[in-house]
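Asker: Assemble the complex: chain L is given as a structure, and chains A and Y must be docked to it using the hints.
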Amino acid sequence: MNPLLVDAPRALLMGNEAIARGVIEAGAAVCAGYPGNPSSEIIGTLAQVAGELGMHVEWSTNEKVAMEVAAAASFAGLRGMAAMKQNGLNVAADFLFNLSLSGSKGGLVVVVAEDPSGLSSTNEQDTRAFAKMGDLPLFEPATPADARRITLRAFELSEEIGLPCIVRSVTRVSHARGPVELGPLPRPEDRPTPAFDRSRPFYSFPALANHRALKRKLARARSLLEGSPLGSYQGPDRPELVVVAAGAAWAYTREAIALLDLDRQVGVIKLGATWPLPDGLLCRHLQDAPRVLFAEEVDPFVEAEVKALCAQRGLRPGAFHGRDDGTLPAVGELGVDLLVGAICRLLDVSYRSRPESYDQRVAALERLIPARQVGLCAGCPHRATYWALKNALALDGRDGVVLGDIGCYSLGFGPSGYNLLDTLHAMGSGPGLAGGMARLGSLGLTQPVVTLVGDSTFYHAALPALINGRYNDASFVMLVLDNSATAMTGFQPHPGIGVDAMGRPAPVVEIADVCRALGLKVTVGDPFNMEGTIEAILELLEDDEGIKVLVLRRLCGLLAAKRGPPARGGKGRSPAARGSGATKVTAAVRVDTERCLGAACGCNRLCTRVFRCPGLTWDAVTGKAGVDEAVCNRCGYCVQICPAGAIVQAEDGDG
Amino acid sequence: MDQGLRQLQERVLERDLCTLCGACLSLCPYLGSHDGRVVRLHDCDLDQGRCFAYCPRTELDPDALARAAFGPDAELDVEVGHVEHVLMARATGPFRARAQNGGTVTALVTQALGDGLIDAALLTRRDERQLPEPLLARSEEEILSCVGSSYVAGAALEALGAIDETGRVGVVALPCQAQALAKMRGERGVALVIGLFCTWALHRAPFARFLRRRFGRRTVRRIDISPPPERLLVVATERGEETVPLDEVRALIRPGCAACVDLTAELADLSVGSVESQPGWNTVLIRSEAGWALLERARRAGSLELRELPQPDMEHLWAASLEKKRRALAALGAPEESYLAPAWVRRVLEAGP
Amino acid sequence: MDDGVLNLVIVGVGGQGSLLASRVLGELLLERGWEVTIGETLGLSQRGGTVVSQLRISRAPRPSPVIAAGRAHVIVALEPVEGLRALVRFGNPGVHLVMNTRPILPTGVLSGEQRYPDRQTIVAEAQGLSGRLTLVDASDVALRLGQARLTNMVMLGALDSLGVLPVSLEREALQGVLGRALEPRHVAPNLEAFDAGAALE
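Protein chains in written order, with the numbering used here: chain L, 1 to 655; chain A, 656 to 1008; chain Y, 1009 to 1209.
Keep in mind that a hint or two might mislead.
[What the hints assert, rightly or not] Selected chain A positions facing chain L (in silico; Cβ < 10 Å): (1) 659; (2) 690; (3) 700; (4) 998.
[Unchecked claim] Non-contacting residues of chain L with respect to chain A, defined by C-beta distances greater than 10 Å in every case (computed): (5) 213; (6) 283; (7) 314; (8) 316; (9) 325; (10) 395; (11) 397; (12) 504; (13) 551; (14) 587; (15) 602; (16) 606; (17) 610.
What the hints contain is simulated information worked out from the structure, not anything from laboratory work.
A virtual CB, placed ideally from N, CA and C, is assigned to each residue, including glycine.
Here chain L stands alone, though its shape is the one from the complex (with noise of 0.2 Å):
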């Protein structure tokens, strides 16, 4: 039973599964994003239960048009929803500041999981600012709970004023785990019949008059969740410190206190509608704080937006503290340390987690400990791409120039990837810049120009670029590779593979296609063969003139491992396996010890110290290499690479 479908009074859910169940309960139809960590799991789970509740999920292309196609279910009258990470609200900026114009109808609600501290993300950046800039209310929820409440509420406010709304998650309430309240599941007749009424149109334009209407928007919004639940004060009547605390940071100043045990000095202000800023919580509870400290993910937004706040209406509270002033660290994610710290320093409070000694000895301890670096998973095709590029780079030898883009070869930057990119950005600046860099050729330049992109990103962003490098006339190498899939995300599947959101067949994409459809010198060829990806690369660096693709094509290698020997070049059951049900097992790969060379002339460790495979071990007490069998993926791209022919792999067999 998906957790999402689920008909109990409470489960322990997922901040994402929590607020796509707020978005089943509130009766929403159609939901669109583009995978990104941490919301990637929101839309993964709805399209799991879309066919069973008769909803429309999809992965859309990018993050605009998935605001897109979410704000046109709004406009027939149906309630829409929009997931994204943090940078996707880049992409789909353009659209909502029109949309802010132009109002929606049937609830629309736009989700944004943010990363703090870029764990997994290339930057960090603040949701609430979009809020700002573009007038539309916001919700941070603080716990799962909070979040599924949250979710009901912003598709409920954005009908009452015609607007969309934002939620604003982060990392640990979109993966925490807690337990939530659970509401009634839509009734399928409750939800009207699609139509457009060509009596009220949607334009943006004319900004003024539509800008001056939704300021009132705004403003009505503001009376609508005066006094609402989301906002609340809890602490003692004259508290020593005043924490104003916005979404995740709540927990960790609840947490600070409990473990601080200062509940009767510390009073907490929690913001669960963060804009507009709920001015009369606030101004309550402020006005005769000695001291005030504001708890908020990534940037101080509330900090500032209340400094101003008091300034207007003459409060005078004691001082203010925060990430302005140093209290909590400018940048990056809080969490209950830095909080614990914070008012410790603030309230003049010592605290010791644990002796001096133990820290102390811990501290000599952290020397011990190898760091453990991300990297490519055995068996991944991109290392063989990277390998091969590394190889015709160093033959080419005029210190050619590699564009990143994003995906699970953005590892391309580290030594994984042989630290091949000088350059990672955003989705599709790869080929952006490639066009940009090439142009410089007539002008100097005389290195030569290559970037990478994946499949998933080729349909979100390389389109325009490619297009304008072909008119614009620069020269390029472009490496597509094509694992078939949005791996780093959780393998949503994407306009390439032949399958939907939601499991049913779709119409194929093919990337090769549309390349030559541009006008661009297109190849395919097999990242797994090694002298022929390096001959292929190195021939196109060669070649000075237009943008040539090569699409490298094979299966991401835990897709393959999941999938089985069929999967990974096109070998079939054999019949006596089909009849007998036995399944066919890819040979294990090992080292013959008696050929490998080690650490000697002549190989020096070739596979485990620059190929650098997780397959591959190096025991320095025998001198040789070896296969870890718990890590090893089968692949069987290593036998190319050593030079004495150590590695082999027999012949598939039966298992």
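Answerer: Frame of chain L, contents of chains A and Y only:
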């Protein structure tokens, strides 16, 4: 001082001293070549490597190598190294018409293979663009496919890396390759070295580009250098022969050749070149017993005609060889920076005008 | 339990199934009337990185998914060096460390740039920095049962038999939770792994 790949990179590759002999490529997965350039593919942190040890341009002591090859008491001429006999020779076989000069090398290789002195011969043949390609020949037919010279440097010794089985290999080697083989001391089963005289070799990619520019779509069938005094590059295409003044081609010589001190392949068993005054004949310098034995076999089998080399030709060769050493030493500049053994350098400089 | 909450940390390397373990544990405890909050790191975990699940088990809600430094009561380490790393962050003189014995070498160690401490050192440090240390050969058991991924369930079984949880896990309830979380064909092997772990003490 460390003597590994990093040092090879610094002292040879980055200083444009590389001759493309191919020795390092034969034994190392960290090195590759493309378009006539040897390239470091990955970093190797070994502080002692065979690449450094075998490279003729990291450190070279021609006298020490000659004594190791020909005996501690071998007499060494400052101009041409150790020479036991000097002769003029030419092949009697029909392939002579296709040969560069006298076809002597082809005859010797055929003899060695036929008599079982070697199991394979590492030769160079030309591809359809007249660029060099190594060939491990095991039959007379394969030997004959390699008749004629290429003036372009090709990394012939790289092919030694592919030899897995035991067996004796004969190598037809340029002077730099013979130096590398001498440093390799019989590795990979190399049992016989037939040296070729060499003044310089052309750089592969620039020369290929030159041919494309000059001759466009025409098929280049043969490339020769006409003997003095004209000194022209003669290119034969389907439209006939065309000549290019050699001076135009000098810009396409491998930079590393400017530092070469060996005209006559001093570290081979025997060395073969042209005879200035006699087109159609080869000069042969016999250096080792094995070289002499092979020559004798060929003579007795009737595949080689032998005569005395005229004195003027011999003097001319000795002088040209010394002149090449002087030019290289001048190009190399400060002796501390040079790859050549200081004692040997002194001997050359003291040799007088 | 101090302050009315049991702080339990599960650490491992991507691919060991630590996320499933925390979820299963959370649901079982919720069913028995406990409040549970779980914080997890996801995203890059599959690409060889460290995976940390932080469980708060209490009567009154403790909403923070993050446990404060030095405040773990139990650390379940699916990998030895991750166990040590968890001690640095969450450890204290009273913590109970339950540690799987089989290392998964980081790529930095495989390539020779870093050293992995030897078993003696690991055990000595773990002993010195915990109140109670239990070593479990969970990976060996899991591999014998056919899959490295079962390591987590073996550890869960061991945990149950050690009595560190506020309740003992009922097999029937576990079966139910696994049935909801996994595809049917995966339930039996995971149950088997749990049983094998419980039988180890």
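Asker: With 10 Å as the threshold, tell me whether residue 397(L) passes as away from chain A on beta-carbon distances.
Answerer: The claim is violated: residue 397(L) sits with its nearest Cβ about 6 Å from chain A, within 10 Å.
Asker: Can we confirm that no CB of chain A comes within 10 Å of the CB of residue 587(L)?
Answerer: About 24 Å separates residue 587(L) from the closest Cβ of chain A, which puts it past 10 Å; holds.
Asker: Would you say residue 504(L) is clear of chain A, with no C-beta pair closer than or equal to 10 Å?
Answerer: Nearest chain A Cβ is 47 Å from residue 504(L), so the label holds.
Asker: Say whether it holds or is violated: residue 213(L) keeps its Cβ farther than 10 Å from all Cβ of chain A.
Answerer: Answer for residue 213(L): holds, closest chain A Cβ roughly 64 Å.
Asker: Was residue 325(L) rightly flagged as not at the interface, with every chain A Cβ beyond 10 Å?
Answerer: Correct as stated: the minimum Cβ-Cβ distance to chain A is 47 Å, above 10 Å.
Asker: Are all C-beta atoms of chain A more than 10 Å from that of residue 551(L)?
Answerer: holds (24 Å)
Asker: Is the Cβ of residue 314(L) farther than 10 Å from every Cβ of chain A?
Answerer: holds (67 Å)
Asker: With a cut-off of 10 Å on the beta carbons, see whether residue 700(A) makes it to chain L.
Answerer: holds (7 Å)
Asker: Regarding the assertion that residue 610(L) does not contact chain A, is the least Cβ-Cβ distance greater than 10 Å?
Answerer: violated (5 Å)
Asker: Next item in the hint list is residue 659(A). Is there a CB on chain L closer than 10 Å to its CB?
Answerer: Given a least distance of 8 Å, the restraint on residue 659(A) holds.
Asker: Minimum C-beta separation from residue 283(L) to chain A exceeding 10 Å: can you confirm that?
Answerer: holds (64 Å)
Asker: Residue 602(L) clear of chain A by more than 10 Å, beta carbon to beta carbon?
Answerer: Not fine: 6 Å to the nearest Cβ puts residue 602(L) too close to chain A.
The structure fails to meet hints 4, 10, 11, 15, 16, 17 from the earlier list, while all remaining hints are met.
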